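Undergrad: Chains as they are written, first to last, in the numbering used here: chain A, 1 to 261; chain B, 1 to 405.
Note that these hints are calculated values from the structure, not bench results.
Please read these numbers as outputs of a predicted model, since none were measured by experiment.
Just to be clear, a hint being listed does not mean it is correct.
Derived Cβ-Cβ restraints for the label pairs, each shown as a range [to be verified]:
1. A/Glu30 <-> B/Ile286: 51 to 61 angstroms
2. B/Arg391 <-> A/Gly98: 20 to 30 angstroms
3. A/Arg112 <-> B/Thr376: 26 to 36 angstroms
4. B/Asn5 <-> A/Glu30: 40 to 50 angstroms
5. B/Asn17 <-> A/Thr71: 31 to 41 angstroms
Some chain B residues flagged as far from chain A (calculated, every beta-carbon gap over 10 angstroms) [to be verified]:
6. Gly66
7. Gln92
8. Ser217
Glycine included, every Cβ here is placed at the ideal spot set by N, Cα and C.
So the chains spell out like this:
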Amino acid sequence: MIEQQHAVQSGQNGTLIRIAHLVKNYQLGEVEVHALRGVSLDVQRGEFVAIMGASGSGKSTFMNILGCLDTPTKGSYILEDIDVSKLTRDELAHIRNGKIGFVFQGFNLLSRTSALENVELPLLYCAMSNAERHARAVGALEKVGLADRSHHFPNQLSGGQQQRVAIARALVNNPSIVLADEPTGNLDSRTSVEVMEIFQELNRIGITIILVTHEPDIAQFTKRHIVFRDGRIRADKPNPAQRIAADVLREMPEIDEDTDE
Amino acid sequence: MKTLNIIRSAFRALRRNKMRSFLTMLGIIIGVGAVIAMLAIGQGAEYSVKQQISALGTNVLIVFPGSQQQGGLRVGAGSMTTLTEEDAAAIQKECPAVAYVSPGTRSGGQVVAGNLNWGTSIEGTGADYLEIRKWTVEYGEYFSEQDVKGAAKVCVLGRTVADNLFPESSPIGQTVRLRNMPAKVIGVLSKKGQNAMGQDQDDIILAPYTTVLRRLSHFPYLRQILVSATSPNTIPEAERQITELLRMRHKIESFDQDDFTIRNQSDIAATATATTEILTILLASIAGVSLLVGGIGIMNIMLVSVTERTREIGIRMSVGARGRDILTQFLIEALVLSLLGGIVGIGLGVGGSYAISGLANWPTIVTAFSIILSFTFSIAIGLFFGFYPARKAALLNPIDALRYE
Chain A
1 MIEQQHAVQS GQNGTLIRIA HLVKNYQLGE VEVHALRGVS LDVQRGEFVA IMGASGSGKS
61 TFMNILGCLD TPTKGSYILE DIDVSKLTRD ELAHIRNGKI GFVFQGFNLL SRTSALENVE
121 LPLLYCAMSN AERHARAVGA LEKVGLADRS HHFPNQLSGG QQQRVAIARA LVNNPSIVLA
181 DEPTGNLDSR TSVEVMEIFQ ELNRIGITII LVTHEPDIAQ FTKRHIVFRD GRIRADKPNP
241 AQRIAADVLR EMPEIDEDTD E
Chain B
1 MKTLNIIRSA FRALRRNKMR SFLTMLGIII GVGAVIAMLA IGQGAEYSVK QQISALGTNV
61 LIVFPGSQQQ GGLRVGAGSM TTLTEEDAAA IQKECPAVAY VSPGTRSGGQ VVAGNLNWGT
121 SIEGTGADYL EIRKWTVEYG EYFSEQDVKG AAKVCVLGRT VADNLFPESS PIGQTVRLRN
181 MPAKVIGVLS KKGQNAMGQD QDDIILAPYT TVLRRLSHFP YLRQILVSAT SPNTIPEAER
241 QITELLRMRH KIESFDQDDF TIRNQSDIAA TATATTEILT ILLASIAGVS LLVGGIGIMN
301 IMLVSVTERT REIGIRMSVG ARGRDILTQF LIEALVLSLL GGIVGIGLGV GGSYAISGLA
361 NWPTIVTAFS IILSFTFSIA IGLFFGFYPA RKAALLNPID ALRYE
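With the hints as extra help, turn the sequences into a complete structure.
TA: Below is the structure:
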């Protein structure tokens, strides 16, 4: 069912994100930091974007604004026809709940809480029956291949499995966009490719994904590269040679990852 | 987020730190338990004082010879010679607000029965004495108007006296010697216990006042006249009538002081009740302070918990929890702590009250009011002391919360 919905979404081609002249200034002690100095950008439905840049380039600030965790100082951010740059805290929370799925570098799962309950978490904050919430969470875990681990706690799962739980959590509310902030930063190379395979699979069925990374290898699995430097976009070009994670995995030597439970 | 889900996750969060949750609750448990136990003790004391005073008869007036305003004159009340048997008879006859009158006198002395003796107080009373004091005879009978008129050599023993003089046999029909006068025991009073001042009310012998006046003390004046009003409401009226009558009989000029004093039992009752009420409030306030300290404990632990779980708060916010969802979550955790503590505390308080009753032999009364009061109070404390930490959590910035290590 989830697949169908996304297929429909990808069918209606159009602009998902429209960002114009985005500026973000921070007050850090007595110093004013200009984290973003005028960023303009459109993202269409079904894109798979990598945002790259050195630390301090403004990509994290940009990601926070994109994820509605923060608001810009100036400029506009239109997500699905809603100008989210002017919303209140509660309204932003509502957008995060319904339209955005997060995947973090450090997984950010609730400890001592089962995989299933972690995936259910976003659904706790919207009106939904217990049965439907449960069914949706199971569905999301199936999609990342962890249906059989649904009652494991995060500390009983490998890093790759934990990140897959986090991806399931990001997908469970059928978001318009999945934001992944260095999702492979804490994973070994093979597991990283496995995670990228999941992202590619999700993108194939129509989910829009924006991924922040500083690893060019990882960026190679996406379709479009945006490079940040000093709070501005330095480069924005399609990736002509997208690598297919499934192929890469076939060539990689098998290591006993995911079997340590 | 549905309330039921929040409550469930609150229980889970508290279970994660069982020891800490229990210690936090302990503050509330002890506070609520102490409030309930202290109120029970206070109200028990209040009840028993009221009980003893009503046993004395709340509509009782006592007329003493001599004025309250004696100034520098030091005159023992017993030596006052203003009240006579005729005064008592006149009160009975002419005051409509008066129900019963019992002239009273007293004589101390050793009482001998066979080879046993006992020093006690010998009270001379009228035939209506028991009606006024609301006292009853356990065995035998009380002396009659006839006995009083004839100064009969009869007496009625209090339980303590009866137990000491006749430890193995029935005293009824036996003869005791009151000082040098032999008197026949015709009755034994029911047990009355201690009075509000701790005196043994059963250590007494009652005899017709005429007998005591004429055969024992050889003193023609009364020490007191015990009067009961027709009802508690007619006490002021009875007091006024008696005052008027006695002033007239004693020929007191309008500017002179009374040569008698009327004391009102309900005044004494009110004072005693007020004292125990103050005691109750005092005890409960001290216990309330411990409840307050328990509340501060909750606040402390909730603040620690918010700090520890900053990252969790960040995660919840990132997936769409609003500030108010986070606020509710932490508020309910504080509420669960204080509510559970309150329930256990009620058990402790009620159990403790019974234990005090049993072990220390104090009367305790656990009222629904005290349970509702302390339960409501513990909820209020949970809300009040939980609010600040919960608000602190709700106002966290999701980005900072997510980065918190």
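Undergrad: Work down the list of hints and note, for each, if the structure agrees.
TA: Each hint tested on the structure:
About 52 angstroms separates the C-beta atoms of A/Glu30 and B/Ile286, a value consistent with the hinted range of 51 to 61 angstroms. Separation of B/Arg391 from A/Gly98 is about 26 angstroms and conforms to the stated range, judged on CB atoms against 20 to 30 angstroms. Between A/Arg112 and B/Thr376 the beta carbons are some 34 angstroms apart, a value that agrees with the proposed interval 26 to 36 angstroms. Judged by the Cβ atoms, the range 40 to 50 angstroms given for B/Asn5 and A/Glu30 holds: they are separated by roughly 45 angstroms.
The hint said 31 to 41 angstroms for the Cβ distance between B/Asn17 and A/Thr71, and at roughly 35 angstroms that hint holds. Separation of B/Gly66 from chain A is adequate, the least Cβ-Cβ distance of about 82 angstroms exceeding the 10 angstroms criterion. At roughly 83 angstroms, the least C-beta separation between B/Gln92 and chain A is larger than 10 angstroms, which holds for a residue marked as non-interface. Residue-level check passed: B/Ser217 sits 88 angstroms from the nearest beta carbon of chain A, beyond 10 angstroms.
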